[in-house]
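Novice: Now for the letters of each chain:
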Amino acid sequence: MKEALTKESEIDGDGAQSDFAETTDQYKVKLSMFEGPLDLLLYLIRKEEVSIYDIPIARITEQYLEYLRAMQELDIGVAGEFLVMAATLIHIKTQMLLPRDPDAPEEEIEDPRNELVYQLLEHQKFKGAANVLHQRAMMEAAAFTRASMEEDTDNPEVAATVFQLFEVFKEVMDRRRAISEIEIARDEMTMAEKIAEITLMLNDSAEVSARALFERARSRREMVLIFLSVLELVKGLVIRLTQSETFGDIVIMKRET
Amino acid sequence: MTVDELKPIIESLIYVSEEPISVKQLATLLEGESVLDIQTATDQLAEEFNARGGGLEVRQLAGGYRITTRPEFSEYVRRYLKSQPSARLSLAALETLAVIAYKQPITIPEILEIRGVTSTSAIKTLLDRRLIVAKGHKQVVGRPMLYGTSKDFLIHFGLNDLSELPNLEDFEDLMTS
Amino acid sequence: MTVDELKPIIESLIYVSEEPISVKQLATLLEGESVLDIQTATDQLAEEFNARGGGLEVRQLAGGYRITTRPEFSEYVRRYLKSQPSARLSLAALETLAVIAYKQPITIPEILEIRGVTSTSAIKTLLDRRLIVAKGHKQVVGRPMLYGTSKDFLIHFGLNDLSELPNLEDFEDLMTS
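These protein sequences, in sequence, are chains S, A and U. Per the numbering used here, residue 1 is the first one in the first sequence, and the count goes up by one each step. Per the numbering used here, residue 1 is the first one in the second sequence, and the count goes up by one each step. Per the numbering used here, residue 1 is the first one in the third sequence, and the count goes up by one each step.
One should not assume that every hint holds.
Said to hold, decoys possible - Using 25 Å as the maximum straight-line C-alpha spacing, the simulated DSS-like pairs for lysine-lysine come out as follows:
1) U:103 to U:138
2) A:124 to S:170
3) U:124 to U:135
4) A:103 to U:103
5) A:82 to A:138
6) U:24 to A:103
7) A:82 to S:170
8) A:138 to S:235
9) A:124 to A:135
10) A:103 to U:138
11) A:82 to U:24
12) U:151 to U:24
13) U:103 to A:151
14) U:138 to A:151
15) A:151 to U:124
As the list claims (entries may be wrong) - Partial selection, computed: residues in chain S whose CB lies under 8 Å from chain A:
16) 147
17) 169
18) 172
19) 175
20) 176
21) 225
22) 228
23) 231
24) 232
No lab work stands behind these hints, which were simulated from the structure alone. Note that this is a predicted model, so its numbers are computed, not measured. Backbone N, C-alpha and C fix where the C-beta goes; we use that ideal spot for every residue, glycine too.
Take the sequences, apply the hints, and build the full model.
Specialist: This is the structure we're talking about:
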């Protein structure tokens, strides 16, 4: 286990044990190295060489706050979690100062530090586990598998996970939103309105050019809408379509009743 | 290095190489070793490796060496390759699948509307791989076919049911970070 | 088929498989052969293959078998493939991964509670690298997403299954000793 600890400080960026650095830059680097309030507390406990089971809470709280001040002065963004921990420490400190109920049996008096100690121990365990994982990954990276058997560079394929599926969906929706924003505040016209519009046009003139009709469309959506409306009118026997030559313009005419 | 020390190194190099690896290439990698030793080691390695009567063999191909499966087991290898549901999809197919998964049941024109490009060949791929299925016709003009995800889709993505698909809220934090 | 006849077939199947191949998968491909025989053949194959002292070894990973080069030759293989060891995980990502590995399935708020800091960017990294996967929603208010480790996690860290993770309690006395 001793070994693991030494190794750990290696990936830790050698921060924790050595003395406080002198220059501002080093100071900055060191402070921003604490992953979170638990890391900072563990560092202080180690630095002060105190027992994790009997933390001198006043001393550690004072040091903790000093570090936060330093971080603020050096303009290192102090994340909210650090402040929450500061509040917790001060709360524990106050509780420790409260006189104990002299009548309460010894075993019923709960040490206000207990929860924090538990959290620190848990955190420490996961740091140890992270260190072992790191070492295992290094070892595993030394074993190689066979080369891939085929490669299709023209059509890069994606081995998908549910997460990827979601990400891809989000990309599609974002792309679509971007496109529709370009289609400047398009009319949210309904198909019924479009049908009415076409019928009205046919009241004014006997023949309407389908090409002209489609060319008026301002968006893909409107084009689809026109297309569906025309189909609907044909099906409802309201209009008929004629085409004088292949690939020629289609003429829309009102059907005689 | 002795010839015996060279052999396992050469074996690992042949194994990871995408193309048959030549003695000349090996000599470059094993700087300082004599080409003759490398040639001897490679020959011995091939002989010993193949004398095992295992499923693999070191073969000389296109001026180099490579490890392949023995031809007599090709039937099993083929069986394996066929058994692979081919987890991989082209980006077009994946996009189409994502749209179908989140918007099902959905028609091809609606997918076109969302993706902005036609998806017919992607749809075909997804149908072939049984990741999506037809779910009847939509009762609108033209009665287009509706598509939705299949049971295989759930199995493939390790979901018990569609409610387990991640939603936007799940990833809101992750997306902005 | 006898166990001896099975061995070379299994060897070729382990070789072609993209991922570690399990005895169960082998049994599907070798229809009609007993699972016990297949298990015996695979065990014997691994033992014999590895006893050769060659550059390759049959290893048990993520519940299956895979052939890899021996770590002691990695220097040559790296030189040849010009491969850089893949980007290291940050300490934050490793610690988050450790919490997920031991406490899975776990939600982001639960991870926050244990680590004392938000881990969203670490989670995103781990998802991108496919070391963790979403495991459905927790049936509590807000239905937060649950996360767990993936098959790639086992492969990346050279584990056969999660029981091979070191005992968390072993790390308890690091500070106090």
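Novice: Quick check on the hint: residue 172 of chain S CB to chain A CB, less than 8 Å?
Specialist: holds, 5 Å
Novice: Please work out if residue 124 of chain A and residue 135 of chain A have their alpha carbons no farther apart than 25 Å.
Specialist: holds, 15 Å
Novice: Is the shortest C-beta separation between residue 232 of chain S and chain A less than 8 Å?
Specialist: holds, 6 Å
Novice: Taking the closest Cβ pair, is residue 231 of chain S under 8 Å from chain A?
Specialist: For residue 231 of chain S, the interface hint holds, since the closest Cβ of chain A sits about 5 Å away, which is under 8 Å.
Novice: Regarding the pair residue 124 of chain U and residue 135 of chain U, is the alpha-carbon distance no greater than 25 Å?
Specialist: holds, 15 Å
Novice: Hint check: residue 151 of chain A vs residue 124 of chain U, CA-CA at most 25 Å. Holds or violated?
Specialist: violated, 28 Å
Novice: Against the 25 Å threshold, does the CA-CA distance of residue 138 of chain U and residue 151 of chain A hold or violate the hint?
Specialist: holds, 22 Å
Novice: Min Cβ distance, residue 176 of chain S to chain A: is it shorter than 8 Å?
Specialist: The hint holds - residue 176 of chain S has a Cβ within 8 Å of chain A, the shortest such distance being about 6 Å.
Novice: Given a cut of 8 Å on the nearest C-beta pair, is the interface hint for residue 225 of chain S held or broken against chain A?
Specialist: violated, 11 Å
Novice: If you draw a straight line from the CA of residue 24 of chain U to the CA of residue 103 of chain A, is it 25 Å or shorter?
Specialist: violated, 36 Å
Novice: Using Cβ atoms only, decide whether residue 175 of chain S comes closer than 8 Å to chain A, and label the hint accordingly.
Specialist: With a minimum Cβ separation of about 7 Å from chain A (threshold 8 Å), the hint on residue 175 of chain S holds.
Novice: For the pair supplied as a hint, residue 151 of chain U and residue 24 of chain U, confirm whether the alpha-carbon distance does not exceed 25 Å.
Specialist: holds, 16 Å
The structure shown violates the earlier hints numbered 4, 5, 6, 7, 13, 15, 21.
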